[in-house]
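Order-wise, the sequence lines are chains A and B.
Each step along the first sequence adds one to the number in the numbering used here, with nothing skipped, and position 376 is 376.
Each step along the second sequence adds one to the number in the numbering used here, with nothing skipped, and position 368 is 845.
FYI, nobody ran anything at the bench for these hints, they're computed from the structure.
Ideal Cβ positions, reconstructed from N, Cα and C, are used throughout, including at glycine.
Among these hints, one or two may not hold up.
[What the hints assert, rightly or not] Rough simulated footprint, nothing fancy, chain A against chain B, three-plus residues with beta-carbon under 8 angstroms:
#	region
1	522-531
2	563-571
3	649-657
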Amino acid sequence: MDNLDLARWQFAITTVYHFLFVPVTIGLSALVAWYHSSWVRRRRQDDLRLAKFFGKLFTINFALGLVTGIVQEFQFGMNWSDYSRFVGDIFGAPLAIEALLAFFLESTFLGLWIFGWGRIPEKLHAACMWIVHVGTLLSAYFILSANSFMQNPVGYRLNPETQRAELTDFVAVLTNKVQLVTFPHVVAAAYLVGGAVVMAVALWHLRRVDVGRDEGMYRRATRLGAVVTLVAGLGLAVTGDIQGKIMTDVQPMKMAAAEALYESSDGNAPLSLLTVGSLDGSEEKFAVTVPGLLSFLATGHFDGSVQGINELKAEYAQKYGTGNPLTVDATYTPNIPLSYWSFRLMIGVGMAACLIALMVLWTTRGDRIPRARWWQWVILATPLLPILGNSFGWIFTEAGRQPWLVFGVMSTSTGVSPSVSAGEVVTSMVVYTLLYGVLAVIEVKLFLTYLRAGAPPFEEPVVAADQDDDAPLAFAY
Amino acid sequence: MELSTVWFIIIAVLWTGYFVLEGFDFGVGMLLPVLGRGKDAETTEKRRRVMINTIGPVWDGNEVWVLTAGGATFAAFPHWYATMFSAFYLPLLLILVALIVRNLGFDYRGKRDDAQWRARWDAAIIVGSAVSALLWGVALTNVVRGLPIDASKEFTGNLFTLLNPVSLLGGLVTVGLFLTHGALFVALKTTGPIRADARGIATRTGAVTAVLAVGLLAILGAADGNPGSWVTTVVAAGALVAALTANLRGREGWAFVGTFVTIAMAVATYFLLLFPDVMPSTLDTAWSLTTANASSTPYTLEIMTWVAVVFTPIVLLYQSWTYWVFRKRIGTQHIPAAGPTPTTPDAPTTTPTTTPSTTPSTGPSAPSPEPSVR
């Protein structure tokens, strides 16, 4: 493998790993904030217990999301310095604003929330977690603005003298049409994860025979999680549908790759539910298709025409293949099987999570508790499915953009750091992979330990004003 | 003033913010084996927890300063960001690993009641803090002294180019400053024996650091000093002496302000030595990256300036408020007893406990009914 492949693998590994934690952070912070402010409003003891319980699970997860995020910010300069030079004028701004507006907010107010019991007025304390949640949303907004520029470059011009992209309209970058639909899609996906985690964790406790008096609390949490999952799933479907049409418009090759559609279709293009064939698409062994559905998904009409990979490839080669060294590439085609399968898995696991949520709502109605043994497998799968769905979604989005770093403007092969040796990239790759592997084991064990312990017993919170000077801290590391 | 100059100053301010804030939590981390040692295992553990809890609510926010500095460099000086981060490839990798394990150490060490588990995370905190402190100093000193950068703005050296004596001295100075800064922070934030011990440590590390720092700044100043950098050098040295004097007199607040100013002035000196370059080339001065040839377009800088002008004060405001909220000194009596590990599902963690922890009868060292866990 050369530097390019290594740097791409490294980006894939560190990004997918980082993004295992991000949706949990976004989704769970909202639910923790909900429970905490619900306690402040209604004084139901269970709400405070659940806020603390899910708050612990949240912080265990947040810690790892934060540290792996630091790697992300440094990686552009370390492995992709030519990309950073080329696009820094545009790409750097949302990144810097993300740190200034979102990271400070998240870190500072999470510290206040964790250590603030008995130190700050309770309404303000509950608000801290909401502020953390707003921070996660702001963070998502700015980083997705940067990413959307790579998918659909807007608000810039190419300076022929310096051979760099220059920002001309920052508002256009922040309101990129790809961004406007990607942001709600990603946030909905994060809520799906948050809902599924709460649902699965609470259901696990609900099924335990020894729970006894906590049954009501876990039942309500299970059902709230299921409702959040379903609503988020609906949001995902709607935004995903709009996204498909915009994607077909700005990145037709990505849609063709998602469908492994080699030949253009003049209308009534069938949607492939499952196709088994040779990897270059020349031979189809087995296929399940729905006539016209691809046309509808891509264009909104059943008779809309959809361009195929071969036609697009020829078109791109003609358009970008000569003259500009930044846009020359041998393939102009993403990895088709990867695009095809990640697209299907993304949708499939998302739908599976929604089906489980429906099933959970049905089986926990009244005072019913699903006791069958196979439920333990469902519970295990429930949070993992949408988390994987998020990964597949990103793999599809990013792999489908290839061979471009910035679509139509800069090919991936021209973005790597020229001064970095293969040995250095291999070293960092080995270090990250080993470290991330060890950390995954630690975090999962810790998460499960705290999950099993369940919600802590209710304890009347200390009032900020009347604290004894030598009383132990309400929270300490 | 040129906008690129404004951004040079903003980035200097961000690094200053990072070093004066995370500087002391690096120091606290490094001092764990020294200050966090008691006559028996139990006292040792309590002292360590007191130390970690002095920075508990704030270290995470402190660290964001470096992310903002990195992001701002990317936005305002893409060439600086690209050249610097690819040149410092392996040291940056080490710093990242160090920050990762150190941060998780704070978060995870108390999450299981297991001596070996805690010992491992303690090691992560100590080594992680020391390695980051040392390597940031090495890296920034290299930036100021210049690196072999060719005509296409690429670094042409290797790891050993970076490990030169002066830069290593720079690393030692940051370690020394952060140790002193951290010890004074512990002294300022604690009560009891640990406070007295912290003051003692600060005096010793401070004296050694003063000698090293003066040597370093003299070497760098002799190479390319200017009136401004000499002024800040003298202020830095004066502030360090003042800090040590205040510490000897038991004025911990003023002593901490002293090291705060020392570090801020040391960073200012570095950036004054650097300006108008951002990455001087040792091969040919024509190839140096400067504020002019490494910066973004005026349009980007203008937007970023507005964002910085509006939001930086807000960030400063709420971060200062955090320090105010957690202003009380803590001691071993404030550390909730017992390990906070949740027990197995069948153990009686779910039995109701309603004893409020606020009853005045709760003695100084009485355990809280249910130690909270994060």
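Each hint tested on the structure:
1. 522-531: With 3 residues closer than 8 angstroms to chain A, the region 522-531 of chain B meets the three-residue bar; holds.
2. 563-571: holds (count 6)
3. 649-657: Contact hint for the region 649-657 of chain B vs chain A: violated, 0 residues under 8 angstroms.
The structure fails hint 3 only (numbered hints given earlier).
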